[in-house]
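Enquirer: In order, the protein sequence lines correspond to chains G and Z.
Going by our numbering, the first sequence runs without a break in its numbering and finishes at 599.
Going by our numbering, the second sequence runs without a break in its numbering and finishes at 425.
Hints are computed from structural coordinates only; laboratory data are not their basis.
Pairs of lysine to aspartate or glutamate, EDC-like flavour, derived with a Cα cap of 16 Å:
#1 Lys426/G - Asp405/Z
#2 Lys538/G - Asp556/G
#3 Lys426/G - Glu412/Z
#4 Lys426/G - Glu409/Z
#5 Lys426/G - Asp490/G
#6 Lys538/G - Glu552/G
#7 Lys426/G - Glu439/G
#8 Lys426/G - Glu492/G
#9 Lys559/G - Asp376/G
If we take Cβ atoms under 7 Å as the criterion, some of the chain Z residues that face chain G in the derived model are:
#10 Glu117
#11 Ser174
#12 Val177
#13 Leu185
#14 Ala186
#15 Thr346
#16 Val347
#17 Val356
#18 Met365
#19 Leu406
#20 Leu413
#21 Tyr414
#22 Pro419
Since this is a predicted model, take the numbers as computed values, not measurements.
Note that beta-carbon positions come from the ideal geometry of N, C-alpha and C, so glycine has one too.
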Amino acid sequence: MRPARLLAALAVAAAAAAGLASPAGAERLVTALSHDNVSISSNFTGTEVVVFGTIERDAQTVARSGAYDVVVTVAGPLRTLVTRRKERTVGIWINADSEVIERLPVFLAVHSTRPLTEIASDILRARLSLGLDMLPINAEPGPEPPVRTDFEEAFLRLMQQERRYVQVEDGVEFLGADLFRATVRLPANVSVGTYTAKVQLFRGGALLSTTEETLDIGKVGFEAHVSEFARDWSLLYGLVTVIIAVVTGWLAGVIFRRD
Amino acid sequence: MELYLPIAELPMNVFILLGMGAAVGFLSGMFGVGGGFLLTPLLIFSGISPAVAVATVSSQIVASSASGSLAYLRKKAIDLKLAGFLLVSGMAGSAGGVWVYTLLRLTGQLDVVIALCYVTFLGTVGALMLSEALRAIAAQRRGQPLPVRRPGQHGWAQRLPLKVRFRRSRLYISAIPVVVLGVAIGFLGALLGVGGGFIMVPALIYLLKVPTTIVIGTTLLQTLGTMAFATVMQATTNQTVDIVLGLCLMIGGVIGAQFGARVGQRLRGETLRALLGLLVLSVGLRFAVDLVLEPQELYSVTTPAGGGMR
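Take the sequences, apply the hints, and build the full model.
Expert: This is the structure in structure tokens:
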């Protein structure tokens, strides 16, 4: 276990021990992330963020039967995207119909202790937009599971193929009776922006408690300077690129000159 | 060694990038072409978005053509006036190309247009080069002298108005075909991420009848100019030029080109042209196959601007 994660785990444990005030008769979630921000530098090849949590009970908590279930949902920056379908036109395959997918996260990871269908009913999951199959696409969350168009089905399939959308049904691990952990893998091509990590606690098919943490992913150092330069000083950036190219070509000519 | 590319926003192995640059550089040095038509598809195939690939390859072409232009400038084998005419018209074409590129991205038809252009141009040029080279080889085998095509002085280009004298090329021709050629090459260069040498060289030799000794240097100089302009245009309008990716490709490319040039000098002209024709033709066929066969995945997801998700 890396020091950062150990610290986060200790922080959670300490918060739990402090026994912060909680509504009577309810379980309370205390959660923390292994990092609050992820820095993308020149050696970035993806990373892991660990979500830690503990379930806090007091004396008044009613004894409930059945084990606790935890669902951890990490969602990335919202973007509007387009799904297109190719059709054969005069012998060649070209993009024909399309559907605009309004403001959905470009990264979505759902980790849970058990298959989601065993944790909560479809009605509750639809209302909470819990799980990839309940993600509302171009719709509002409601009591009915969403009805998908072909484009939306394809969108979900492609996002999962690119590992941008993942659902891990044994991704949350209980380390003790009350302490749990979920390791969320962020791929190398992760988008920069603000992410949220939502932790939901279930028991016997009912939602008991929810917490939300935020995670910032950004470029640092050289990578950040280059992208800022390219964005804010685009003309100068273009000219500098051309000068570097000419100098590289000229140097090669000088080094390898034979005449 | 993985290196995170700041604009492409993904990590790539530096040695793979250097190797790719070197392999394409080797071929371009051997055949005397820019190699953009090989490098751009190669980058797209390795997961870099077409937008970044096309824009960054233009900066790589600047490096490879700078190296060659300087060598030809020293030998004074460049018609500066002709290069200037081609360059100015090339810039106009380039601006048009970047504009059409942005428009096609918005409508989701960029990939198919790029593929169709590759099929048309690479297919035609490749087939012509290959058949010409094979005929030359066959004629030589039979021991017959080749029918030498002399640069004629009375082509159709002679009959057009607005004549200009190009002293270095010993030409007195209309400016119209020169400008049209420049605009067309600039347009294609910006749209496809290619220098256009594979079209420019035969066009200068066969259409404008420019002496062969002047053609390569002049083409290199105009490629340098148009691609430098395209790099700046892409940087300002689409912000898709990745300087780190570009530098890796440039270093690999200029080194590969030196070795390619040495191998190229040992091969016979016809063999070289036959091999290049075959290479150009097979890249064109590869694109044709993709267009005609039913793709495994009919759907695709992009941003509304047609780029990759960031």
